[in-house]
Amino acid sequence: MATGLIALLDDVAAIAKLAASSLDDVAAQTAKASVKAAGVVIDDTAVTPTYVVGLSPSRELPIIGRIALGSLRNKLVFLLPICLLLGYFAPWLITPLLMIGGAYLCFEGVEKLHEAISPHAAHDDSVGETAKDPKQLEDQKVSGAIRTDVILSAEIIALTLAGVSASNLVTQAAVLAAVGILITVVVYGVVALIVKADDIGLHLAETGSGPTRSFGRGLVKGTPVLLQALTVIGTAAMLWVGGSIIIHGLAEFGLHGPEHFIEHVATVVQQAVGAIPAVVGWIATSFLQAVLGIAVGALIVLALGIFGPKKAHAK
1 MATGLIALLD DVAAIAKLAA SSLDDVAAQT AKASVKAAGV VIDDTAVTPT YVVGLSPSRE
61 LPIIGRIALG SLRNKLVFLL PICLLLGYFA PWLITPLLMI GGAYLCFEGV EKLHEAISPH
121 AAHDDSVGET AKDPKQLEDQ KVSGAIRTDV ILSAEIIALT LAGVSASNLV TQAAVLAAVG
181 ILITVVVYGV VALIVKADDI GLHLAETGSG PTRSFGRGLV KGTPVLLQAL TVIGTAAMLW
241 VGGSIIIHGL AEFGLHGPEH FIEHVATVVQ QAVGAIPAVV GWIATSFLQA VLGIAVGALI
301 VLALGIFGPK KAHAK
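At position 133 of the sequence shown (counting the first as 1) the number is 133 in the numbering used here, and the numbers step up by one without a gap.
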């Protein structure tokens with residue numbers, strides 16, 4: 001009996017060591033995958049605050065909470081199992097689906113550009129939104145944010161899956177879930193801080209003293225400027241990410257021309273500028289990817305007839 005108990009304890013110790021090793025592996029791969037997805041995380045952080053602009057301040061945090069829960073649902077309930085199944089049974093489908101999502105981001109980005117360039121159209125849209133019931137407007141904003149999040153979350157999950165494709169299915173699922181939760185908490189935590197920065201600044205300005213009060217006043221004055229800047233950054237992010245997804249997708253199918261052209265132009269710009277080549281190269285690459293995103297989005301808009309004679313006549 002004693003021998004059997006010792007053997008059992010040895011087995012338990014071996015299982016514990018294996019579990020600890022697996023957890024270490026999951027943690028290491030989660031950290032690595034999160035770094036790879038950093039670019040998409042920045043885009044997600046820039047895009048989300050634009051969905052609470054113009055709504056009641058008392059509803060800002062609840063709306064961000066609803067979007068965060070929707071984002072978690074996108075990642076864990078829908079995208080994680082779908083990506084695992086596709087990765088196992090039909091890996092060739094992942095790239096086309098991502099490209100469709102990238103095209104949708106380009107389409108949304110071009111729509112926002114059109115609103116910025118055509119104040120009359122933007123005014124008409126704002127009047128329509130003002131006339132809506134606050135609950136209806138909030139639901140519309142939340143659903144729009146969650147729709148956009150699907151594409152960005154899919155890119156994050158796909159990037160993560162590509163990085164752990166050599167691991168077993170359980171490790172893949174654990175890493176995908178960990179990355180999804182970690183990134184959601186980070187993104188929407190930062191978004192909450194950005195959106196409530198003016199309230200924090202007002203509190204510091206009223207209750208603080210000296211430098212603290214000055215910092216609070218700076219936050220109050222600077223937050224509207226930051227939110228306006230994030231509106232621009234969010235639109236650029238949609239076009240940049242959408243264009244990059246399409247370019248990488250074309251390369252996956254053997255069409256390396258656009259990718260090589262962008263790399264060549266970025267290299268030329270780096271050499272011409274000389275200073276901080278990594279930053280200059282990234283800016284040049286992102287700009288050209290956004291230009292492609294504008295072209296793709298404009299083609300979709302024209303194909304759908306969004307700005308066609310019927311709509312113009314209706315106005």
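Accuracy of the hints is not assured; some may be wrong.
[As the list claims (entries may be wrong)] In silico BS3-like pairs for lysine-lysine, Cα to Cα no more than 30 Å straight-line:
no., residue 1, residue 2
1, Lys112, Lys135
2, Lys221, Lys196
3, Lys221, Lys112
[Unchecked claim] The calculated label-pair distances, taken between Cβ atoms and stated as ranges, are:
no., residue 1, residue 2, range
4, Val190, Ala298, 30 to 36 Å
5, Val190, Ala275, 42 to 48 Å
6, Gly210, Arg147, 25 to 31 Å
7, His264, Ser209, 26 to 32 Å
8, Glu252, Leu61, 39 to 45 Å
Derived from the structure by calculation, the hints contain no laboratory data.
Just so it is clear, CB atoms sit at the ideal spot from N, CA and C, and this is done for glycine as well.
Evaluation of the provided hints:
{"no.": "1", "hint": "Lys112 <-> Lys135", "in the structure": "holds, 23 Å"}
{"no.": "2", "hint": "Lys221 <-> Lys196", "in the structure": "holds, 13 Å"}
{"no.": "3", "hint": "Lys221 <-> Lys112", "in the structure": "holds, 25 Å"}
{"no.": "4", "hint": "Val190 <-> Ala298: 30 to 36 Å", "in the structure": "holds, 31 Å"}
{"no.": "5", "hint": "Val190 <-> Ala275: 42 to 48 Å", "in the structure": "violated, 29 Å"}
{"no.": "6", "hint": "Gly210 <-> Arg147: 25 to 31 Å", "in the structure": "violated, 46 Å"}
{"no.": "7", "hint": "His264 <-> Ser209: 26 to 32 Å", "in the structure": "violated, 57 Å"}
{"no.": "8", "hint": "Glu252 <-> Leu61: 39 to 45 Å", "in the structure": "holds, 40 Å"}
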